[in-house]
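With these hints in hand, go ahead and build the complete structure from the sequences.
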Amino acid sequence: MGTKLRTYEEINEKIKKGQVVVVTAEEVVDLVREKGVERVAREVDVVTTGTFGIMCSSGAFLNIGHTKPRMKIHEAYLNGVMAYAGLAAVDLYIGATQPAKDDPLNKVHPGEFRYGGGHVIQDLVAGKDVLLEAYAYGTDCYPRKKLVTWINIRDLNEAYLFNPRNAYQNYNVAVNLSDKTIYTYLGVLLPRMGNAGYSSAGQLSPLLNDPYYRVIGIGTKIFLGGGIGYVAWQGTQHNPAVERTERGIPKGGAGTIAVIGDLKGMSPHWLWGVSIRGYGCSLALGLGIPIPILDEETLYYCSVSDEEILAPVVDYSHAYPYGTGEILGYVSYAELRSGKITIGGKEVPTSPMSSYSKAREVALTLKKWIQEGKFTLTQPVAQLPGVESGVRFKNLVERPVEASVIIGR
Amino acid sequence: MMNNNGSKKVVLRFPQEVADRPIVCELALRFGLRFNILRASISPHREGIMVMELIGNRDKQEEGLEFLREKGVFVEPLSQDIRMVEERCYHCGTCVGLCPTGALSMERPSFLVRYDPAKCIACELCVLACPTHAMEALL
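From first to last, the protein sequence lines are chains A and B. For the first sequence, the positions run 28 to 436 when this note's numbering is used. For the second sequence, the positions run 46 to 184 when this note's numbering is used.
Don't take each hint at face value.
What the hints assert, rightly or not - Simulated pairs of lysine-lysine, DSS-like, Cα-Cα distance not exceeding 27 Å: (1) B:Lys116 with B:Lys105; (2) A:Lys207 with B:Lys164; (3) A:Lys207 with A:Lys41; (4) B:Lys116 with A:Lys367.
Unchecked claim - Which stretches of chain B does chain A cover? Using the computed rule of at least three CB atoms under 8 Å from a CB of chain A, they are: (5) 72 to 84; (6) 87 to 96; (7) 139 to 145; (8) 165 to 176.
No lab work stands behind these hints, which were simulated from the structure alone. Glycine included, C-beta positions come from ideal geometry on N, C-alpha and C.
So this is what it looks like as structure tokens:
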């Protein structure tokens, strides 16, 4: 299994010559069933993965350029959505889940959350003018106190996506055991297990095809929002030490990645602002990672199918919000993708939050880019923390605070 | 003899002046039609809206609807009232698991969401749940 088949340099050489053999993580499943791991590993150079779904913990850094007179922005709004300005003078960070300042939120439940940070990012990428309103307290070197103007992505010095946590390696399946409808980030959940929400591209999902982070690491070049991006770091809440199946697939949310990429090279076809009823705004995006088939083991992991990936079913009316850790059972992505699952003898229709057709389109697009010589592979400069790293997701342990030091809101 | 029975879903809008009159029952009494009220509400301006499935002889259905129109009720076919804006849909399918009638379904192997207005009863769960506002209610 450990025999080296090819190096990054050899793969890139084949890409340049137009001789590279690329298949998607979906195509490779049948190929391996037909020919076996050993043979396919010799024939295939790269397997492309893809996912498309709502990925909270996304956002963009923008540098708007200096004004005359200069201004050190203290508070900023883009189309009415607050951007974080506590960075420098004219650097902003627009977070995907920030709702518009005048949004009624959940005052009338379930709130609509019609426009937020994710929508601002989508509008910027679409080349639309975006209204900037900014305020400052004024300093000797940055005297200006107010700025109202239209901005456009083409005029910004920098606009890059920096998503602290994307591409979750597996995730929960959400059901509602209560007697009333609930509104969650896994969708509208009908009472008494009326439906089940889930969100993973399963067999196409990047980290499920490299479960031990053997090839995906810091510096890996990726498809991000229709443009080029890179893995910047392990994602927040990266949790490699979860229970795994025999073939190493985590049986729940595990690894994550932080990614970065030039927003100017992206497309609104791959970045969508979304409104999750009763929950909030966010950004749905397409992300794909090429996996170089360096040895048979890499290919073996890529050949995982939806039948072999299990996800935990969790009650989002109680067990999830109160963190009880209770799991109602496990279902496979093959069952989830079939449209119904069976939990405790009850047949439950499934409601996916991520788009399988677009995940497939990401993997096919990346495959085409590589075949056409437009995309070469990069070797990671450092590994993501693995199972043995000791990295573990921790919950917050609250500590008592004396009344005199509370700042308040 | 050809069977001329069938069912049809319609949206009835009752202006303020007729919203409080017993009109709908006449569909059964005068025209021998059965009906299933799928949804009914009265707006703050006291205008009424009712979504119903009409079951029975097709000629009688037309006569019954004509009778309603004469009484001042606006009649529209249901299919015009819930629509899918294709370019806003990225085919996640969250609506599919919520749809009680199979009007929204996941086509395989393409995994594209398809909408069949004929099966829609305008419950609007899809409108509530769609993260990109691809499902629109014009009711």
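To see whether the hints hold, each was checked on the structure:
Note on Lys116 (chain B) and Lys105 (chain B): the hinted pairing holds, with a Cα-Cα distance of about 16 Å set against a maximum of 27 Å. Proposed proximity of Lys207 (chain A) and Lys164 (chain B) is supported: the alpha carbons are some 25 Å apart, at most 27 Å. The hinted pair formed by Lys207 (chain A) and Lys41 (chain A) fails the criterion: a straight-line CA distance of about 57 Å is larger than 27 Å. About 46 Å separates the Cα atoms of Lys116 (chain B) and Lys367 (chain A), which puts this hinted pair outside 27 Å; it is violated.
Only when three residues or more bring their CB closer than 8 Å to a CB of chain A does the claim for the region 72 to 84 of chain B stand; here the count is 0, and the claim is violated. Coverage of the region 87 to 96 of chain B by chain A is violated in this model, with 0 residues showing a Cβ closer than 8 Å to a Cβ of that chain against a need of three. Given as covered by chain A, the region 139 to 145 of chain B passes the check, having 5 residues with a CB less than 8 Å from a CB of that chain where 3 are the minimum. Residues of the region 165 to 176 of chain B lying with their CB closer than 8 Å to a CB of chain A number 4, which satisfies the three-residue condition for coverage.
When the structure is compared with the earlier hints, violations turn up for hints 3, 4, 5, 6 and for no others.
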